[in-house]
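K.L.:
In the numbering used here, the protein residues as written are 1 to 907.
Keep in mind that the hints are not guaranteed to be accurate.
To be verified - Straight-line Cα separation of at most 25 Å, PhoX-like style, residue types lysine-lysine; simulated pairs:
{"hint": "1", "residue 1": "680", "residue 2": "834"}
{"hint": "2", "residue 1": "471", "residue 2": "252"}
{"hint": "3", "residue 1": "9", "residue 2": "53"}
{"hint": "4", "residue 1": "172", "residue 2": "9"}
{"hint": "5", "residue 1": "356", "residue 2": "335"}
{"hint": "6", "residue 1": "276", "residue 2": "264"}
{"hint": "7", "residue 1": "252", "residue 2": "219"}
Honestly, the hints are just simulated from the structure, not real lab data.
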Amino acid sequence: MTVVGASTKLSLSPDLSSSLIINQYNKSSIKFHCYSPIKRCIELWTNLSQKRKWIGIPFKQQHGSSFEYLLQLNIFHLPVGNYEYTLRFSAPLEVSNKDRDDDKEDIPYWFWFGKPNQNGIIHIVQSTKDALTAPSFASVPQLRFVAKEHTDSIADLWHFRTQWEEPFSLGKPNHPINRYISLIQKGSTWLTPVTGANGFQDRNEYEKCQLLLYQDTEKGDIHLWMALCQYADCYLSFETDNSITFHNNSGKNAHLLIVSTSEKQNFAYLIQIALKYYQNSIKQVPVGQKNISKEEDLMLEADKILLKRLGYCTWNAFNKDVDIYKVRAALDSLKNHKIPVEYLMLDDGWQSITEKHQLASFDACLSKFPDGLRITVSQLKSEYPFIQYFGVWHALWGYWNGTDKNLAIKNGYKWSTNSQNQCEIGIIDDAKAFYHDFYKFLNESGVDYVKVDNQGSFQELTKTDAEQNIKLWDSFRQAMVENGDAFLQSRVLHCMSLTPHILLEPILSRKKKSIFRNSDDFFPDEKDSHSWHIYANAINSLLTMHYPAIGDWDMFQSDHPFAEYHASSRAISGGPIYITDIPGKHNVDLIYKLIAETKHSGYTILRSSQAPQPTFETVFNNSMDSQSIISLYNLHQESHFENEGPKELITKPKYGICGFWNTGPHEKLAIVASDLFCSKKLTMVPTVAYVVSGPDQGKVIPLEPSYDDNNDHDDSSSIKSASSSSSSTTSDNEIGNAMPKVPIFMQSHYAELTTSPTTMMARINSFGSTLVSVSTIQCTGLLSMACLGLIDKFNGTIPILHTDIRLYDQPCRWYATFEARLSHKSSSCGFWIKTYDNLRRTNWKTVSLGLVPDRVRIDNYTSGAKDWTWCSSSGLLIVNMLVAPLTDNNLDKDNDEFIIQIDLKKD
């Protein structure tokens, strides 16, 4: 008996939504992971065989787990071509085998995973050392070839230029497309990702594409196409015949950059290579203006409030109906719930505006804030002293439809009208005077920072031409930034500015890092928007991470069905974290997973120092349409201490945090390996993975270096075969037949099962998220240890400043001491401790040396036995740092570190 599409909690990776391209080379293989909450027979049903006959290959249970199954297939012997796979599984074995007659063969009841004909795809392509294929533009007269560059064996770049004003066809790419991602213009203020497979049939000719990234099916190479123009609008569009059209609306020089690589792990470097080439070879910097680079900006001190403290914004809590009473209600609620917010953003709705939706005054709307802005800010800071900084919102040209004529007359500004979307837009002609007076007023009113919205809309003005609009646009942006530097200490949050001209001609502060919104808004009441919000931020980060600013993933609500979904993404976003809770509606425990207490500065957010990186599968696997997983990772490295010697001689341990967000209604399976992070320091050393959140929270597994993947495999399992079939939806009669064993001499061609753990499986709930941290293991003698950081926090490895193992040469009570210095504290600081036989470490065999934690000290305070817990089987030690009393040493302002020392003895 077989039921097709039977409901189950089985999870498979790679999922059936995957379309994998694998280069054929010696010892190439592919791993399949499966999770089942009950014991089953599980088989990969596939035509990955010499003659493409469909066969069933059994999974093997992972060592130490009754729920996890693994199958590794060698594919180097298979012909180049396309293959498919699906999964079939038995009913629970005790159900399959009961009530059978003694004279009948023991045959399990089989079920199919997924839907009929919903097969995963594997393209095996021929590995080649041939040079990357050049773009075939010889027959396009409107394009002029400029240069070709080869970048350190990573990629090849081709540069083309055109002044042609009419749209012209570039033809079709000269290789078939497997999967692609494109960033298109969404109105005048955002870029948004669109995806597809096997061509551009789902696109329309009106979409403005700024960036196209795709993998070709021919060799698996990755290609980037970018349309660039510094002072005008140029873009690509897609035709139904899969050809690409180039648009240049200015008659000025527009550029097409194509960058290609044969190594898929280098896909994220392609945008960096293109933008660096643009900065060095294309971009024109006006005389006297210094170019801003990301590297130079990173040397500047980040804002100590917006990038370190938790914030609160009024927008989704009150929208435009905000007033003084609602603001007080929100601050009272935060105070009563002990939520350590330290800055407030008064969003849209506070200003005095006309019926035409134009700015009528610099001051607040007196019907909502009767005392005016200055007294309101002063009173709120006095009544709620935890609010250290106060910010306000405004649009780039004043309000949504600009400024009112009477405001211009009152202040002596020249004023003119323009139009946008059939609305009158009031424009101050002297942007410098407007922003000087506006920001001087805000500064005198006690305002500390601003959020500037609607920054892309100048390009939609209709009474002036494109060149005039850009000059006017840049004059407003320049005036805003210069006066933000002068009056607001450069604290400007740039919003609705994710548009090509702003990205290619950044006008940002040279005094401090700018904060730059990375996606469209958080929409709490639109269910379909939450997965999309994470996805758009993930894809946009591919571009914005190279922009000289810090990405802001917008606010969220802590008491919301998708609260943890958003909070976990903000935790590793590298940007500010601020909430927009309705008064009385808070998830305090969730909020505290984003922040931790320091020694002298109170609570700060646990922020990564850079934007996260989406994985290859997230970029090219069409996560939203296939309802698969969004995967992101970020890195943290220990600090250097002066007494350690030359920095170049020190290998500082690294830590990774990876997040997985399920975009569909069924449980999914995430696979964590140290090579996921594209960091040699994590790939080449043993690490330990810890599940921070999700269904498997608390799971801890040591991981072998990923390069050792093919060393210790077990070929002893039998492999079963079945009758050939043209698809995975085989008939019930075929599945019910007994499955003969494959001869022993053929087994090694099909499956190798690893006994060394190189990966961790972690489940992700329906529309849920899972975070996993990875820590470098330090080994000395027979002792291996790692600091897991604050395991009750989402990004808990951030506080780790320095770790060290000290062995004792002279006989004493303790064998070794592990020391960790941290910037923050919590009730759950995690460590992993194991002792291994050096001769068999590749299999992580524990030997009975009897090394156990004996004493734990926090800032020289010896913790009691009840203040830390130790699990010998998992190696997990959890220390409550909060029990250490305040001492003179703790109060020393020059000492900002918490020091944990773990003494180990031989039991």
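K.L.:
Determine for every hint whether it applies to the structure shown.
P.N.:
Hint by hint, here is what the structure shows:
no. : hint      : verdict
1   : 680 / 834 : holds (23 Å)
2   : 471 / 252 : holds (15 Å)
3   : 9 / 53    : violated (28 Å)
4   : 172 / 9   : violated (43 Å)
5   : 356 / 335 : violated (38 Å)
6   : 276 / 264 : holds (20 Å)
7   : 252 / 219 : violated (36 Å)
In summary, the numbered hints that this structure violates are 3, 4, 5 and 7.
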